[in-house]
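A.B. asks: The chain contents come next:
There are 2 protein chains.
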Amino acid sequence: MSKFQPFSVTILGNSSAAPTNNRNLTAQLVTYENRRFLIDCGEGTQNRFVQLHVKQTNMDHVMISHLHGDHFYGLFGLISTLHLFGREKPLTIYAPAALDALLTEVFRVSDTRIKFPIEFYALEDFISEPLINDEQLNIKCFPVNHRIPTWGFKFTEQPKRRKIKKDFIEQYRPTILQIKAIKAGEGFNAGQGQNLLHEDITVEAPSTRSYAYCADTAYYEPIINEIQHANLIYHEATFDSTLEQLATEKFHSTARQAALVAQKAQVGKLLIGHFSARYKDLNPLLLEAREIFPETYLSEEGTCYQIE
Amino acid sequence: MSKFQPFSVTILGNSSAAPTNNRNLTAQLVTYENRRFLIDCGEGTQNRFVQLHVKQTNMDHVMISHLHGDHFYGLFGLISTLHLFGREKPLTIYAPAALDALLTEVFRVSDTRIKFPIEFYALEDFISEPLINDEQLNIKCFPVNHRIPTWGFKFTEQPKRRKIKKDFIEQYRPTILQIKAIKAGEGFNAGQGQNLLHEDITVEAPSTRSYAYCADTAYYEPIINEIQHANLIYHEATFDSTLEQLATEKFHSTARQAALVAQKAQVGKLLIGHFSARYKDLNPLLLEAREIFPETYLSEEGTCYQIE
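Read top to bottom, the protein sequences are chains A and B.
Numbered according to my numbering, the first sequence spans residues 1 to 308.
Numbered according to my numbering, the second sequence spans residues 1001 to 1308.
Check each hint, because a few of them may be wrong.
Below, a list of computed lysine-lysine pairs in the DSSO-like style, where the Cα atoms sit at most 30 Å apart [what the hints assert, rightly or not]: (1) A/LYS165 <-> A/LYS180; (2) A/LYS89 <-> B/LYS1280; (3) B/LYS1115 <-> A/LYS250; (4) A/LYS115 <-> B/LYS1250; (5) A/LYS89 <-> B/LYS1250; (6) B/LYS1280 <-> A/LYS115; (7) B/LYS1055 <-> A/LYS250; (8) A/LYS280 <-> B/LYS1089; (9) B/LYS1183 <-> B/LYS1140; (10) B/LYS1089 <-> A/LYS250; (11) A/LYS55 <-> B/LYS1280; (12) B/LYS1055 <-> A/LYS280; (13) A/LYS280 <-> B/LYS1115; (14) A/LYS55 <-> B/LYS1250.
Honestly, the hints are just simulated from the structure, not real lab data.
Just chain A, same shape as in the assembly:
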């Protein structure tokens, strides 16, 4: 077994605005251990789930970054299909507030009485507190800069505990209770007045990993602080640098700007996506980003990227 919990993101769609022959509208699935989190849900997301044989069983949370149709028109069908296939457990949705009433209206008009509970949380209510903060993960949203209110998301593992040294266990054979106490931060009474310090009988905890999603957004420096030192980020790169003015007008980024954000935030790796349908060959976008930030990769639909 790996010493790390599986932590990855699978790209389900990375086309901006309209689908192309081989790129679908925005959606991605973050996996942490056996939990799955869907970020955005463009039209056709449920088709991608089927094509990629991705199970939706443990997908209990959906985050919608903003209410442009290419980021959420797939949610109506996805929810209908979960309902049709007998889902009973709740689905939690974090999205701009206006989506709540629209979901209700769409299902009312289409005479669909969803059998499982939908727990809706408005992103507007999470300015200073995380969406989720449990034993495994801290997930927060942060504002990005688009034509309408739009949020990015950052997934951070909870800090790990220091690990007990193997040779200590072999030498002192601690009981289960004693092991629990050490894991909780205590030292060890070895008898005969010998107290071993916690730091001496444990090794440093593995560092926590994090992933951030930044789309749709213009080049926006406040993002840098939010995603500082993330292991992996996805940042939109709708256009190449020759279209920087168009990018600014449309509140989108160029590949170069995505790379600048990655560089300034000192992240590990940058995935670019949300490509304009005009690009058949994406290599020019990759090359211009790598000039600034060499650890840039083109996000590819169907590929699962490990966060490490």
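With the hints as your guide, set chain B onto chain A.
C.D. replies: This is chain B only, laid out in the frame that chain A set:
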């Protein structure tokens, strides 16, 4: 050039309720000459247009049979994309009345101001008059029998005029004005008191062709009268006969029931579709339908069926 105007239907999706790995949700495109009519628009219809390289330029009419999500959740994205690609001419939508306000609401919430006019007509208002009755086509809707109000559609060519005989033209060399008069039903004054009758200088008009769409529906005998003698019909066949009771409960049909409708209506050919996701192999449905109505075919996505 063919003596017939092109008249065909292209299947864009034929899966019921949820998409499968190779079947998409319901949509089909009827082509008559250079006009295109979209019937139903399940999620992913715009992806099918792109994949099949079908131009949407002359698609000016959309008909939505009923408001179950698998038949219209693709309309929001399709309209957004037409808007994005600069459409200016109107799009006419015939659908159950409740869709009108929902379209407005979806585009309001997603901050999309569609630049071309959407002309909405409620199917409820077309009980006794055709949706379209112009020089080329008569298109009418008729009720079918589903859990919610649902309509079928029938496309019928307008009656053709009789054609002028070649040997008459060679012998009498009529003027253009005279030809127009004959085409309009008149005879011909050949001089010297010789009046040729219209019937004698023309041959019988080619017969008019028709296509009917019947989905979603339970087995429903009133449909038979509506689609009598159609050259081609599409009738849903969600289930095979072993699931006839389930079909009845869900207001769907079996392949055998679709064939019974085709047989009793004395149509030319039957296309079956709207298949339950449970069927990987559709041949059992085809076989049971052909036992009743040999001219049955499985509708295949991406295939264009001529109406002849």
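A.B. asks: Each hint: holds or not?
C.D. replies: Against the structure, the hints:
Simply put, A/LYS165 and A/LYS180 have alpha-carbon atoms about 14 Å apart, close enough for the 30 Å limit, and the pair holds. Restraint check for A/LYS89 and B/LYS1280: satisfied, since their Cα atoms lie roughly 28 Å apart, inside the 30 Å limit. A hinted pair counts as satisfied when its Cα atoms are at most 30 Å apart, and B/LYS1115 with A/LYS250 qualifies at roughly 17 Å. At most 30 Å may separate the alpha-carbon atoms for a hinted pair to count; A/LYS115 and B/LYS1250 meet this at roughly 17 Å.
Our distance criterion of 30 Å between C-alpha atoms is met by A/LYS89 and B/LYS1250, whose separation comes to about 24 Å. With a C-alpha separation of about 27 Å, the suggested pair B/LYS1280 and A/LYS115 falls inside the 30 Å cut-off, and the hint holds. Note on B/LYS1055 and A/LYS250: the hinted pairing holds, with a Cα-Cα distance of about 27 Å set against a maximum of 30 Å. Under the criterion of a C-alpha separation no larger than 30 Å, the hint pairing A/LYS280 with B/LYS1089 is consistent with the structure, at around 28 Å.
Restraint check: the Cα-Cα separation between B/LYS1183 and B/LYS1140 comes to about 27 Å, which is no more than 30 Å; the hinted pair holds. The hinted pair formed by B/LYS1089 and A/LYS250 meets the criterion: a straight-line CA distance of about 24 Å does not exceed 30 Å. Among the hinted pairs, A/LYS55 with B/LYS1280 is consistent with the structure: their alpha-carbon atoms are about 19 Å apart, no more than 30 Å. Between the alpha carbons of B/LYS1055 and A/LYS280 the distance comes to roughly 19 Å, so the proposed pair stays at or under 30 Å and holds.
A C-alpha spacing of about 27 Å is found between A/LYS280 and B/LYS1115, which places the hinted pair at or below 30 Å, so the restraint holds. A hinted pair counts as satisfied when its Cα atoms are at most 30 Å apart, and A/LYS55 with B/LYS1250 qualifies at roughly 27 Å.
Of the numbered hints given earlier, the model fails none.
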